[in-house]
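Here the protein sequences line up with chains G and V, keeping their order.
Residue numbering for the first sequence follows the numbering used here, beginning at 12 and increasing consecutively.
Residue numbering for the second sequence follows the numbering used here, beginning at 728 and increasing consecutively.
For the record, the hints were derived by calculation from the structure and aren't laboratory data.
Heads up, the beta-carbon is just placed ideally off N, CA and C, and yes, glycines get one too.
Careful: at least some of the hints might be erroneous.
Stated by the list, open to error - If the Cβ cut is set under 10 angstroms, some of the chain V residues that face chain G in the computed set are:
id	residue
1	M845
2	G848
3	Q852
4	E991
5	V995
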Amino acid sequence: MSQMLAQRDYYGKALRALASREDIVVLDADLAGSTKTSEFQKVCPERFVEVGIAEQNMIGVSSGLAAEGKTVFASTFGVFATGRCWEQIRLGAAYPKLNIKIVATHCGISVGEDGATHQALEDISLMRSLPNMTVLSPADAYETYAATMAIAEYDGPVYMRMGRSPVPVISKEGEKFTIGEAKVLLEGKDVSLFGTGQMVSNCIEAAEELRKEGVSAEVINVSTIKPLDRETVLASVSRTGCAVTAEEHSIIGGLGSAVSELISEELPSPVQRIGTMDMFGESGSPAELFVKYGLTSGDIAEAARRAIKRKR
Amino acid sequence: MVIRLAKSEKELREIANKLRLDVIEMTSEAGSGHPGGSLSSADLMAVLYFRVMNHRPSDPSWDGRDRFILSKGHVAPILYASLAESGYFPVDELKTLRKINSRLQGHPVRGKVPGVEMSTGSLGQGLSMACGFALAAKMDSKKHRVYCLVGDGELQSGMNWEAAMFASQYKLSNLVVFVDRNRLQISGCTDDVMSIEPLERKWESFGWRVITIDGHNIGQIINACKWAKRARTRPTVVIMNTIKGKGVSFMENNAVFHGKSCNEEETVCAENELEEAMRFCR
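Given only the sequences and the hints, what does the whole structure look like? Please build it.
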């Protein structure tokens, strides 16, 4: 069993480390204790802005701050960060290409007991459709830390998502994060497993299960969903001939869509998508929900078998 | 060059009518646009760009400039006219409004046009953005002011009141909001569509300094701006009672001209009236 760490704890640590940078301003909408922006607030209250339960205003204020040269981090839960203020993000962040980092926690069905109202399963789709927007979904706590540092260096709008619960550590502390780069974690020749967020660790488990059957699966961590690392995706599929995508998000508009769009245009091959099947979630423990909504390593392995069978 | 305290009240009245004339010409040339609300805010724009605001048209990103955020972005024509007439870009360019490849988009776009601080036009959002500009100035101990023009109709949008709370909480005394209270929106009377009354008491209850003026009286606008500068801990709102379509007889109080330009005949009439008004100012 690998070590389990919550990504949001490492987002908080990264913000704390960034507090020495005077251009950084952090906003939150009454959820600082949950999103861990409270870590920044503790060391730098003068550049922490509480907006109250008013997410649309949070984005509007972010636009003004960014226009004045601030590097803005605005955080809340994924449902509110992308759904409640999508049009504010469109007008005030994406269109004028301002330096605003919208970092959302509590994404995906692993939010668990709070139920569907709080489980963001459409956020990648919403953000990916905006021009100028970069969309990140790091796989674990260490990658979240590195990605936070990377987006603080990048000048432009970014959406970054993560879950609530601790997730298995699959990367090394201090590993470099490059926006737009997908990483091949395991090489294989029969099927490409493209995962994002905590589903990457499920892909690794699925690859292990498949290996026992003599199937060689390649595992790729797609932590940047937009811009998609076209070269890495196409190079992998050209070797394996088929693909599975796995995300804690609707199969509509997220990683599955992004990979399918690319493969259908450039290298038509069988693709199977793992994600929530155009439906809302519900209350339950994360583990129970993963089983009920078909997001386990076993589901990924089964999708891989189907994809391989469909190869000509 | 700092344009400041440059113009007398008499000159400002003439400039306001010149801006109105530009608005008619550019929207008629475009065949579309929003002349009504542009005309109602012309006097304010003349006062801001030719007297009250510190700004340098030859150096649009000068750090010490006062910021202007046009929340009611559909009146882009009056903003473009003010920027062109004060020297940000050639007045000739105004006739490219809304045309393909023009930087004068139907609604203002940050980064495209010198002097445009923020992309606006989706209503209800400019006040929050202005709060961000004002907060940044406070954080950096900068002395410039942030001016924001909102329409009365757009105050129906809840986001404004999130921003109103925010400005008060963060003591944004460097923020001055002007409400263009022309009482008309695209579907008709603001009071019928969705009343925003009691407007003064709303702002007061949100912790703002409130003053109500005649938005077509240059002297009153100037005095309101002076009063705004005396703010120490609270943001200021200036409610300007105005007439939609002000300055052109058949456009006044006529909601039809909210989002429709004049036809050929109307354009000639409007231009004649405004030229006459300009002569009267001299």
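Hint check:
no. : hint : verdict
1   : M845 : holds (6 angstroms)
2   : G848 : holds (8 angstroms)
3   : Q852 : holds (5 angstroms)
4   : E991 : violated (35 angstroms)
5   : V995 : violated (37 angstroms)
In this structure, the earlier hints numbered 4 and 5 are contradicted, and the remaining ones agree with it.
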